[in-house]
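The hints should help you fit chain B onto chain U, whose structure is shown.
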Amino acid sequence: MTRTKKSTRAAQYAALAAYLVFLAFPFLWLISTAFKPARELGSLHPTWIPEDPTLDNFRQAFDEQPLLRAAGNSLIAALSASLIAVVIATPMAYVMARHRNRVSKAATGWVVISQAFPFVLIIIPLFLILKNLHLINSLLGLIMVYVVWSLPFALWMLVGYVRAVPAELEEAAAVDGASKVRTFVSVVAPLLAPGIVATAMFAFITAWNEFFFALVLLKTPEKQTLPVILNRFIGTEGVADLGPLAAAAFLATIPSLVIFAIIQKRITGGMLAGAVKA
Amino acid sequence: MTLATATKRSARGVPGQRPTDHGAWFLVLPALIPILVLSVGPLLYGIALAFTDSQSGRTQPTQWVGALNFQDLLHDTLFWDSFRIGLLWAFGVTVPQFFLALGLALLLNQPLRMRWLARALAIIPWAMPEVVVGIMWRLVYHPDAGVLNETLSHLGLGEGKDWLTGTATALFAVIVVGVWAGMPQTTVALLAGLQNTPRELHEAAAMDGAGAWRRFTTVTWPAIKPIALAITALNFIWNFNSFALVYVLTQGGPGGRTRLPMLFAYEEAFRYGQFGYAAAMGCVMVAVISVILACYLVGRLKGGDES
Numbered sequence: 010m011t012r013t014k015k016s017t018r019a020a021q022y023a024a025l026a027a028y029l030v031f032l033a034f035p036f037l038w039l040i041s042t043a044f045k046p047a048r049e050l051g052s053l054h055p056t057w058i059p060e061d062p063t064l065d066n067f068r069q070a071f072d073e074q075p076l077l078r079a080a081g082n083s084l085i086a087a088l089s090a091s092l093i094a095v096v097i098a099t100p101m102a103y104v105m106a107r108h109r110n111r112v113s114k115a116a117t118g119w120v121v122i123s124q125a126f127p128f129v130l131i132i133i134p135l136f137l138i139l140k141n142l143h144l145i146n147s148l149l150g151l152i153m154v155y156v157v158w159s160l161p162f163a164l165w166m167l168v169g170y171v172r173a174v175p176a177e178l179e180e181a182a183a184v185d186g187a188s189k190v191r192t193f194v195s196v197v198a199p200l201l202a203p204g205i206v207a208t209a210m211f212a213f214i215t216a217w218n219e220f221f222f223a224l225v226l227l228k229t230p231e232k233q234t235l236p237v238i239l240n241r242f243i244g245t246e247g248v249a250d251l252g253p254l255a256a257a258a259f260l261a262t263i264p265s266l267v268i269f270a271i272i273q274k275r276i277t278g279g280m281l282a283g284a285v286k287a
Numbered sequence: 018m019t020l021a022t023a024t025k026r027s028a029r030g031v032p033g034q035r036p037t038d039h040g041a042w043f044l045v046l047p048a049l050i051p052i053l054v055l056s057v058g059p060l061l062y063g064i065a066l067a068f069t070d071s072q073s074g075r076t077q078p079t080q081w082v083g084a085l086n087f088q089d090l091l092h093d094t095l096f097w098d099s100f101r102i103g104l105l106w107a108f109g110v111t112v113p114q115f116f117l118a119l120g121l122a123l124l125l126n127q128p129l130r131m132r133w134l135a136r137a138l139a140i141i142p143w144a145m146p147e148v149v150v151g152i153m154w155r156l157v158y159h160p161d162a163g164v165l166n167e168t169l170s171h172l173g174l175g176e177g178k179d180w181l182t183g184t185a186t187a188l189f190a191v192i193v194v195g196v197w198a199g200m201p202q203t204t205v206a207l208l209a210g211l212q213n214t215p216r217e218l219h220e221a222a223a224m225d226g227a228g229a230w231r232r233f234t235t236v237t238w239p240a241i242k243p244i245a246l247a248i249t250a251l252n253f254i255w256n257f258n259s260f261a262l263v264y265v266l267t268q269g270g271p272g273g274r275t276r277l278p279m280l281f282a283y284e285e286a287f288r289y290g291q292f293g294y295a296a297a298m299g300c301v302m303v304a305v306i307s308v309i310l311a312c313y314l315v316g317r318l319k320g321g322d323e324s
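Residue numbers (the working numbering), protein chains in the order written: chain U, 10 to 287; chain B, 18 to 324.
Extracted from the complex, chain B is given alone in its bound form:
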């Protein structure tokens, strides 16, 4: 939900009020305490856990083990498999999703007749519980009772393919669902950017004889670039961290082909009780995300220099 607008803040304090008003503390504390106790605290605790041998149902006290979990992780090929799959999935969803959403946003910005319908439909994937999205696509992909195989067999393109349990198709199949599920939000964000582009600029460019592509590169793209960058960075991170959709679709199967890092860490923590080890995985994921965020911020700063 929260878009890039995060990084820019308008400094509209009320004039004449000193920032250190003690009343402000009473207004902040009701939210600040739960945030510190249930969010910041656990986060630090989680990082600390990564350096311990914490396990569920252990009788001996938890020991500090230093970087041992991280050393183990380094040699855990299953984890790196899931890591690679996580990156593949995040790229595989984010990139097509961006281009599809951009196309749809450009269309919805045109005076077309069915716009309202597209906007109404775009609500569906956005508002649906991820579990329902997963169930719904299981019905679409179902080898016998699914609409996909039925359509393909009508077109004479083979029959009875088991998309979600086939080792060759599973990752592709879940990526399609990921694209479908995340497209509306990206579309709305890009559309918001498009609608803020001054129409006169377009008209001026058209008068100068600029074709559609030139108008896009010189007028539209510069206007929506900040939003596009932000939503893409966020989508990548959200996708890399995602859990419910793929858990419902495949549970990480077949043979770990769709086991995203979150699914792996979840199993490690809550099926095998390896809390310390799973926390170490979480730390590695945070490190990767920090790199992505840093890339985004650098890109944004550079973009800022240009203007």
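If we strip away everything but chain U, and leave its shape as in the complex, we get:
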């Protein structure tokens, strides 16, 4: 009995180690490449640890493409979109969580269905609409798209957080004669604050990482966001300056990783809560 148990444990550790290697190695390779001098990148037998680590790639990356500018654009787009999204989504999520009327049913249906849509069917009309409004190659147009694009999951997360707030508090407010809007603003919203922050951070990451809409809507390098600029490192022939490419890609990941590390517990927690209901 104990021997089979021991061998089972050993097999489990071996499997876990294999998973860890699979998950980690591309990222470690990216970091390794980012610190390698050009000479080592040209070598036919690349090594895991750079023999002669250098920061040249980072310097060169900033020289080759307007990375700072792109990061600034990404920051503006992601920050505005995530703030607007939570500000307009929170009240709606409240209604969806607390009422079962036609609007909230339709909204729930829309949240689910919108996950399944191929963006190409949305982006063509949006492109034409934004073109008529002269909002192509404009961050404002992109922000508008990001707000609506991040609403489904923002609503979804927020509905979960609203359900966690005890309804008794609102009843008490209603008994005291507070209106619906008043109850929401002064009773529910403060209790939701941590959930709202987590949702905003998640919306921020998705906008920071987003590529397709930005690729279609932004035309000139001065306006483009980080993912689009990163893609420019890979030339049209697919030939890339590997070192600077790796350096820039590594830098672009850091904000998302940091934010995600902060909110990861809340996201998995939300999934757990969802699983209970499923």
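Possibly wrong hints are sitting among the right ones.
[Stated by the list, open to error] Below are the DSBU-like pairs computed for lysine-lysine, each with C-alpha atoms no more than 35 Å apart in a straight line:
no., chain 1, residue 1, chain 2, residue 2
1, B, Lys319, U, Lys114
2, U, Lys274, U, Lys14
3, U, Lys232, U, Lys140
4, U, Lys232, U, Lys114
5, B, Lys242, B, Lys178
6, B, Lys242, U, Lys15
7, B, Lys178, U, Lys114
8, U, Lys274, U, Lys15
9, U, Lys140, U, Lys228
10, U, Lys14, B, Lys242
11, U, Lys114, U, Lys140
12, U, Lys274, B, Lys242
13, U, Lys274, B, Lys319
[To be verified] Take a look, some chain U residues computed to stay more than 12 Å from chain B by CB distance:
no., residue
14, Asp61
15, Pro62
16, Gln69
17, Pro75
18, Arg78
19, Lys189
20, Ala202
21, Trp217
22, Ala223
23, Glu231
24, Val237
No wet-lab data here; the hints were simulated from the structure. Here the structure is a predicted model, which means the values were calculated and not measured. Backbone N, C-alpha and C fix where the C-beta goes; we use that ideal spot for every residue, glycine too.
The following block gives chain B in isolation, referenced to the frame of chain U:
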């Protein structure tokens, strides 16, 4: 992100409040208007575009052409190639991803020492921009400077293979990346299900002398089945609709071997300016997705009958 939990809703309205409170409208409108103007509206507009000859930079007004775009699509072998590739890719990513994620979730549910590390690492693919994931794997697959060929040559398994530009290997190579990129999310979803399985059930089954496999089929699987079904259906749809990862990895090449439907429609719309035609492709994709969703819902309803 949004899991299957979508379909079930707890009806916890506040007692004593009528559902038709006009205040509710003020709370809904700020989000409802942008949704209608920038999401529902364009969607309907997009479907309408599929029945027109809309093109970029056209001087004549756009004409209603009926089902012409769909007739053209029917004979467009390139589109059906991309469609087939899209299905291959979606299956190729979703199925191994599910089994790998299930294995990892089962491991992470055990009291093992390196669990925290696996959880921390699982964040990386999830939080990374898809563009960076694509770039990262281009570095791994690189014929000379990549770690994959170097490792293979150490093991004496051939040298200098160009994984992403070889016609035989490209689709396989991008599928591996797709599996890697989507695994964490699936793992976390399944793990959430596992952690909700009552431990007593396991213990009771073990006492009754049930082996590991029997315990899995009788206790674990029924408990996580709803989540497993939902995440698989969603993964399939997301994969079928995916764009950025493969665009960065191969741009659809070599010779269209990895040209997913989204890449094809993107090129048609924004390289060649064929808006109406590309919209028709989008409609066909929606039709396929609706079938998948219908299958999922039927499966879910059946599952509901059993319990």
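- Consistency of the no-contact label for Gln69 of chain U, given chain B and a CB cut of 12 Å: holds (15 Å)
| message | Hint check: Lys242 of chain B vs Lys178 of chain B, CA-CA at most 35 Å. Holds or violated? | response | violated (40 Å)
- Query: When you check the alpha-carbon spacing of Lys140 of chain U and Lys228 of chain U, does it fall within 35 Å?
  - Reply: Within the cut-off at roughly 12 Å; holds.
Quiz item: Between Lys274 of chain U and Lys14 of chain U, does the CA-CA distance stay at or below 35 Å?
Solution: The given pair, whose Cα atoms are some 32 Å apart, holds under the 35 Å limit.
*Pairwise hint evaluation, Lys319 of chain B against Lys274 of chain U, where the allowed Cα distance is 35 Å at most*: holds (33 Å)
Q) Hey, Lys14 of chain U versus Lys242 of chain B, does the alpha-carbon distance stay inside 35 Å? A) Measuring from Cα to Cα gives roughly 27 Å; hence the hint holds.
| Is the Cα-Cα distance between Lys319 of chain B and Lys114 of chain U 35 Å or less? | Roughly 23 Å between the alpha carbons, so the hint for Lys319 of chain B and Lys114 of chain U holds.
Per the stated criterion, does the least C-beta distance between Ala202 of chain U and chain B lie above 12 Å, as a non-interface residue requires? Its Cβ never comes within 12 Å of chain B, the nearest being 17 Å, so this holds.
Minimum Cβ-Cβ distance from Glu231 of chain U to chain B exceeds 12 Å
The claim holds: Glu231 of chain U sits with its nearest Cβ about 19 Å from chain B, beyond 12 Å.
Next item on the list: Quickly compare the C-alpha distance for Lys178 of chain B and Lys114 of chain U to 35 Å and report which way the hint goes.
Entry: Violated, because 53 Å separates the two Cα atoms, which is more than 35 Å.
Is the Cα-Cα distance between Lys274 of chain U and Lys242 of chain B 35 Å or less?
The hint holds at about 23 Å.
- Any Cβ of chain B at or closer than 12 Å to Ala223 of chain U, or is the non-interface label fine? Per Cβ check, Ala223 of chain U is inside 12 Å of chain B; nearest 10 Å; violated.
Checked against the numbered hints given earlier, the structure breaks hints 4, 5, 7, 19, 21, 22 and 24 and satisfies all the rest.
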